[in-house]
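Number of protein chains: 2
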Amino acid sequence: MSGRLYGLGVGPGDPELLTLKALGVLKRVRVVAYPALEEGDSFARAIVAAHLSADVREIAVRVPMSPDPNAALGAYDRAAVEIAAELEAGRDVAVLCQGDPFLYGSFMYLHERLVGRFQVEVVPGVTSLTAAAAAAGRPLVARNESLAVVPATLSEEALVERLSGSDALAIVKLGRHLEKVRRVMARIGRADEAIYVERATLPQQLLAPLSQAPDAAPYFSMILVPGRGHR
Amino acid sequence: MSGRLYGLGVGPGDPELLTLKALGVLKRVRVVAYPALEEGDSFARAIVAAHLSADVREIAVRVPMSPDPNAALGAYDRAAVEIAAELEAGRDVAVLCQGDPFLYGSFMYLHERLVGRFQVEVVPGVTSLTAAAAAAGRPLVARNESLAVVPATLSEEALVERLSGSDALAIVKLGRHLEKVRRVMARIGRADEAIYVERATLPQQLLAPLSQAPDAAPYFSMILVPGRGHR
Numbered sequence: 001m002s003g004r005l006y007g008l009g010v011g012p013g014d015p016e017l018l019t020l021k022a023l024g025v026l027k028r029v030r031v032v033a034y035p036a037l038e039e040g041d042s043f044a045r046a047i048v049a050a051h052l053s054a055d056v057r058e059i060a061v062r063v064p065m066s067p068d069p070n071a072a073l074g075a076y077d078r079a080a081v082e083i084a085a086e087l088e089a090g091r092d093v094a095v096l097c098q099g100d101p102f103l104y105g106s107f108m109y110l111h112e113r114l115v116g117r118f119q120v121e122v123v124p125g126v127t128s129l130t131a132a133a134a135a136a137g138r139p140l141v142a143r144n145e146s147l148a149v150v151p152a153t154l155s156e157e158a159l160v161e162r163l164s165g166s167d168a169l170a171i172v173k174l175g176r177h178l179e180k181v182r183r184v185m186a187r188i189g190r191a192d193e194a195i196y197v198e199r200a201t202l203p204q205q206l207l208a209p210l211s212q213a214p215d216a217a218p219y220f221s222m223i224l225v226p227g228r229g230h231r
Numbered sequence: 001m002s003g004r005l006y007g008l009g010v011g012p013g014d015p016e017l018l019t020l021k022a023l024g025v026l027k028r029v030r031v032v033a034y035p036a037l038e039e040g041d042s043f044a045r046a047i048v049a050a051h052l053s054a055d056v057r058e059i060a061v062r063v064p065m066s067p068d069p070n071a072a073l074g075a076y077d078r079a080a081v082e083i084a085a086e087l088e089a090g091r092d093v094a095v096l097c098q099g100d101p102f103l104y105g106s107f108m109y110l111h112e113r114l115v116g117r118f119q120v121e122v123v124p125g126v127t128s129l130t131a132a133a134a135a136a137g138r139p140l141v142a143r144n145e146s147l148a149v150v151p152a153t154l155s156e157e158a159l160v161e162r163l164s165g166s167d168a169l170a171i172v173k174l175g176r177h178l179e180k181v182r183r184v185m186a187r188i189g190r191a192d193e194a195i196y197v198e199r200a201t202l203p204q205q206l207l208a209p210l211s212q213a214p215d216a217a218p219y220f221s222m223i224l225v226p227g228r229g230h231r
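Residue numbers (my numbering), protein chains in the order written: chain X, 1 to 231; chain D, 1 to 231.
Don't read these hints as lab results, they were simulated from the structure.
No false leads were slipped in.
Identical chains share a label here; the pair holds if one copy fits it or two copies do between them.
In the SDA-like style, the derived pairs of lysine to any residue whose C-alpha atoms are separated by at most 25 Å in a straight line are:
| id | residue 1 | residue 2 |
| --- | --- | --- |
| 1 | 180 | 143 |
| 2 | 180 | 144 |
| 3 | 27 | 119 |
| 4 | 173 | 204 |
| 5 | 180 | 165 |
| 6 | 27 | 50 |
| 7 | 27 | 137 |
These numbers were taken from a predicted model, which means no experiment stands behind them.
Bound conformation, chain X alone (with noise of 0.2 Å):
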């Protein structure tokens, strides 16, 4: 019988923030695959390295970081392959997806390339979204309001149009893009209302207004505008 994959959700960046199931996946199976670096550190595995024994086998996932996407995309259909024979002799395979694996994580590579050959299981994790918000000590959204979650990657034409008439935004994935989520900001009549958020839960966390975001952000990094309420 085909071992089971799971893609594990470990939250935003604070170890204690992950979740009762996700640790007795990780203390049930004996390999874990993760995303990486093509040198260093897996961030997904920095928050759960507490809990990883030295008899799990760990496939680092390493992506690199090419302007040619077909780069990035050769080097999951190799870890694809390579957790399809730990599944297929019969070992559950937990793969570490930071935040959760079903909100623009990385795990879908690997899930679009898997499912329907084995069961999969994802077990959802605290997302930096509410992390942020958490962090910022600021209500995000409440009772009729909606949300907006665009990526900072979309034009500047494209963001304005996404982001307008929503009562809370959030702009992920920042990044190089911070001049230009600036601008769009501005012309939404939203700059004033909108707080930096960079590595929410990490002691290294940084707040500020927009106005005093540094000028490099990382990709780790992202806008949020709360809804206003109705008080």
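Please arrange chain D on chain X, whose structure you already have, making use of the hints.
Relative to chain X, chain D alone:
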């Protein structure tokens, strides 16, 4: 010294989706508060019932189901006074919140009454949004896709407006608005992609294509339209 107020996200329903952090707070505090029906149980309390010791003081915030909005606000006013007395006596108080406290959480009613006077810490939780996507086995949003989260309580025209143009959609607080949402999904051309999810992660969880959804939807149900990916 005053106690600390915790907004404690306890996740979507499966007790195993509690975080280690929320569990730690629960074991430490001597007072917990939670929303409850006028008569009967509290869903948030049920999720963590196994972890509540007998000597914890419990404050049930009994919110009347009344067409008069002031009736509910009065319940929060009274609960805030009771909680403030505990905090002033130096005791930490954890307010249990289904899902995440700052994503449509009723914690906001207590937060707005107590913030500024007391130290507040919000512990984010797994939301029903990503739990429903996990239950459906469908990636919610990927790559350059955007997500709109909209309460079904809005008017049909407002729903059409706010749900058009996003790749992935989540319509929450479904309840008695199911028929309206069916019309909206048809109008925006997404009816065939829509998934009905009721009580995600609980034993009585129900998943169906929107066309086969039951006639009567409970409040804790939603419609998901996953993004289409870019395969």
